[in-house]
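Generate coordinates for the entire structure from the input sequences, incorporating the hints supplied.
2 protein chains.
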Amino acid sequence: MSGRETLAGRLLVPASEAGGGGGRPVGAPGAAGAAIDGANRVAVERMAAVRPLLTGVARAGDVIPGLEPGVLLHAGPPIEWQRASGPLRGAVIGALLYEGMAADAAAAEAMVARGEVRLEPCHHHSAVGPMAGVTSPSMTVWVVQDASGGRRAYSNINEGYGKVLRYGAYAPDVLDRLRLLNEEVAPLLGKAIAAGEPLDLRALVGEALHMGDEGHNRNRAGSLLLMRQLGSRIVRAAAGAEQAAAALDYLGGNALAVLNPLMAACKLIADAGHGVAGSTLVSTMARNGTDFGIRVSGLGDRWLTGPSPIPEGLYFPGYGPADANPDIGDSTITETVGLGAFAMAAAPAIVTFVGGRPEEAIAATLEMYEITVSESPHFTIPQLGFRGTPTGIDVRRVVELGITPRINTGIAHREPGVGQVGAGLVRPPMAPFVEALKASAAALGINA
Amino acid sequence: MSGRETLAGRLLVPASEAGGGGGRPVGAPGAAGAAIDGANRVAVERMAAVRPLLTGVARAGDVIPGLEPGVLLHAGPPIEWQRASGPLRGAVIGALLYEGMAADAAAAEAMVARGEVRLEPCHHHSAVGPMAGVTSPSMTVWVVQDASGGRRAYSNINEGYGKVLRYGAYAPDVLDRLRLLNEEVAPLLGKAIAAGEPLDLRALVGEALHMGDEGHNRNRAGSLLLMRQLGSRIVRAAAGAEQAAAALDYLGGNALAVLNPLMAACKLIADAGHGVAGSTLVSTMARNGTDFGIRVSGLGDRWLTGPSPIPEGLYFPGYGPADANPDIGDSTITETVGLGAFAMAAAPAIVTFVGGRPEEAIAATLEMYEITVSESPHFTIPQLGFRGTPTGIDVRRVVELGITPRINTGIAHREPGVGQVGAGLVRPPMAPFVEALKASAAALGINA
Chain V
264 MSGRETLAGR LLVPASEAGG GGGRPVGAPG AAGAAIDGAN RVAVERMAAV RPLLTGVARA
324 GDVIPGLEPG VLLHAGPPIE WQRASGPLRG AVIGALLYEG MAADAAAAEA MVARGEVRLE
384 PCHHHSAVGP MAGVTSPSMT VWVVQDASGG RRAYSNINEG YGKVLRYGAY APDVLDRLRL
444 LNEEVAPLLG KAIAAGEPLD LRALVGEALH MGDEGHNRNR AGSLLLMRQL GSRIVRAAAG
504 AEQAAAALDY LGGNALAVLN PLMAACKLIA DAGHGVAGST LVSTMARNGT DFGIRVSGLG
564 DRWLTGPSPI PEGLYFPGYG PADANPDIGD STITETVGLG AFAMAAAPAI VTFVGGRPEE
624 AIAATLEMYE ITVSESPHFT IPQLGFRGTP TGIDVRRVVE LGITPRINTG IAHREPGVGQ
684 VGAGLVRPPM APFVEALKAS AAALGINA
Chain G
264 MSGRETLAGR LLVPASEAGG GGGRPVGAPG AAGAAIDGAN RVAVERMAAV RPLLTGVARA
324 GDVIPGLEPG VLLHAGPPIE WQRASGPLRG AVIGALLYEG MAADAAAAEA MVARGEVRLE
384 PCHHHSAVGP MAGVTSPSMT VWVVQDASGG RRAYSNINEG YGKVLRYGAY APDVLDRLRL
444 LNEEVAPLLG KAIAAGEPLD LRALVGEALH MGDEGHNRNR AGSLLLMRQL GSRIVRAAAG
504 AEQAAAALDY LGGNALAVLN PLMAACKLIA DAGHGVAGST LVSTMARNGT DFGIRVSGLG
564 DRWLTGPSPI PEGLYFPGYG PADANPDIGD STITETVGLG AFAMAAAPAI VTFVGGRPEE
624 AIAATLEMYE ITVSESPHFT IPQLGFRGTP TGIDVRRVVE LGITPRINTG IAHREPGVGQ
684 VGAGLVRPPM APFVEALKAS AAALGINA
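Chains as they are written, first to last, in the working numbering: chain V, 264 to 711; chain G, 264 to 711.
Hints listed in this document are in silico derivations from the structure and should not be mistaken for laboratory results.
There's no promise every hint is true.
If several chains are the same, the list does not tell them apart, and a pair holds so long as it fits within one copy or across any two.
Claimed, not checked - As a list, the in silico DMTMM-like pairs of lysine to aspartate or glutamate whose alpha-carbon atoms are at most 20 angstroms apart:
id, residue 1, residue 2
1, Lys701, Asp564
2, Lys426, Asp436
3, Lys426, Asp512
4, Lys454, Glu505
5, Lys454, Asp512
Structure follows, in structure tokens:
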């Protein structure tokens, strides 16, 4: 089925009426498509108006609304402990050890199983976290604020690649490093930020796309741009040379250092597009390691979910597909606003990390224009004549064209306690988009 | 004329004999083309074997052979003062003021006119300098050494864009900044380098090409990679926070900071290919603001020159083509070894600075494969499936195909004392390549 025969087709404005472009035929009632188009335009305009500024760092429990003692935030849609994947379990265990709430892994698991710990999505608390995304009250988070509206979003501190908490590792050395980053390095970065103008993250990622980043799996340039902006401020804010050197080595040595503040920036942008009545734009995509879930601008706060797939990619030596957990993390917030796989044409060198060939990087971005309603005015791709990245995923187009969003991702080991085993590419399941389409139609009084 | 009718054609191996590829028909004597091909292979293999390491900085007069008091080095082929262009005159005046050898511009010019100052090409002293390239004994230079052979090359400290000595400016603020960079910032960078392993510049520029640099006009990523490698070393080597902050701000604030050490690295690579009997490869391309000149591997130390053309490009506000000096600088050493315009496909965002469209960046690199004999094993272009950059300019191909090398460049004001007015693209004149071809033929006993 296609065109007016399909539900998606009936909700799309026909090309002949849309003034050219990618519209699809619309059935009765003819006004539905135009109304949705209008709502989607409002949503992307609100997204484009956000200018996220990195204003500092803070203790998560002090700034994240509702992050009380006994609450842990995690990536993706809500999930019960019984269904939680290995890397999420590992990260929860690690966070409880980190908080001093449990003496060992068994005790930590038992606490959660007894219901003494409340697991809630980051996304319900103005936060986002890559991979397991587990954020506990005493961790440090980046604070990102919209220059226009004042809204804030938060993300934890990136630990780098490999054996790290967000991939489910929780050995003593993992926790020691986490403590060093959260208690020494990040607070100094916060002081450095506070010592001058806040950092314009929209401008930063725009420049990084011109330097071969895509803002999700490849953030080498962005992390160095962060180092450039903070370098001398760090030196002046530090208690001494060794403290400054550690912070500089963190920014210089972790090519993902900027990912987490960028994700918080993307969260601000995506949230601005949420809540427009009648809009069929995706305002959240996230995975908890078991389920992939979306939220849609016009559908309120409900999640539409399906099983999270296993990525295809390149594995670290000694690991293979049998070790892989299904896809996990809030980092798909980057794709949600037109970065990551959507901006892959800007980052052909990424194929050395996630697999594929450079031509496929161009093809990936070109395909995403098919399912999006606008092109970013802020994020442009030199390789495509400075065309704006595809932005604003329309569930109508996803379903009508049978094209799910592309996602660049890391791969976690399926067992708790191991960590990262690779990186790759993945497509979410179609079911949540179909469900979202039906719900959007129902909200407009149109029956499937 | 083309093919066996031309001199170039008679010196090229015919495609049928060359085992496929871009060879041209060869006339009698049939062995000439093969002998030249063999010599050129030796030359590019020697170039590929060079691994330039940044080992530190030094006072120019202490390390550059023959840079005695009263000698000033300059970019390009040799030139008499009477024929020197405005920006070269301006930089010479500035250097004499900097050295305390003259009290004012008039006195400086008079000294040179009286023959009290000896002007010699950087290239005759194992050195290279961008734009005017003027290097005086008390300036600081980067020291780059070949890990394999121990040879060294030198380049001065980059001052950034705009009103700077290398573009012919010499006002007191220009000289103050030059003094700060040479006497405070650069020595600290030298200490930082000396405090650890030397920096592998070949690896650095290889990575920078994957981050949207081309290694000549666009060195944003490379300069940040330098900052990343030196950041914590600078902090530890500095006398205090302010000194460290100034050095970090220099590396972070000057997107050309890495250009000069890279040029010295390219000089080492190019020189390694020089001096192979029978080779028709270009081992130097350089401009003094009046003449463009080349040297050829098999032709000894003679320069073959022609008039330097005026670049086409983008001008800073308030300036236009009427203000432009003919092309100037040793920075074409980057194109000589397969970087700069030859690697432009890796750097599509450069068109915002030098003009043109991103597609033309790809076309520029593809065209340069036509006139080169190999592809770099170290510098690769993600956009072209990680193909090595075109390396080893063959004067036979340049003349036979009528394709001169492409060059990315800055544009200096034609009057001394002003500075940079833009950036753009340029092609050298054909005459020196024709002359080189004839000389190569003559050396082989073949008459034109």
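In rising order, the numbers of the hints this structure does not comply with:
Every hint satisfied by this model.
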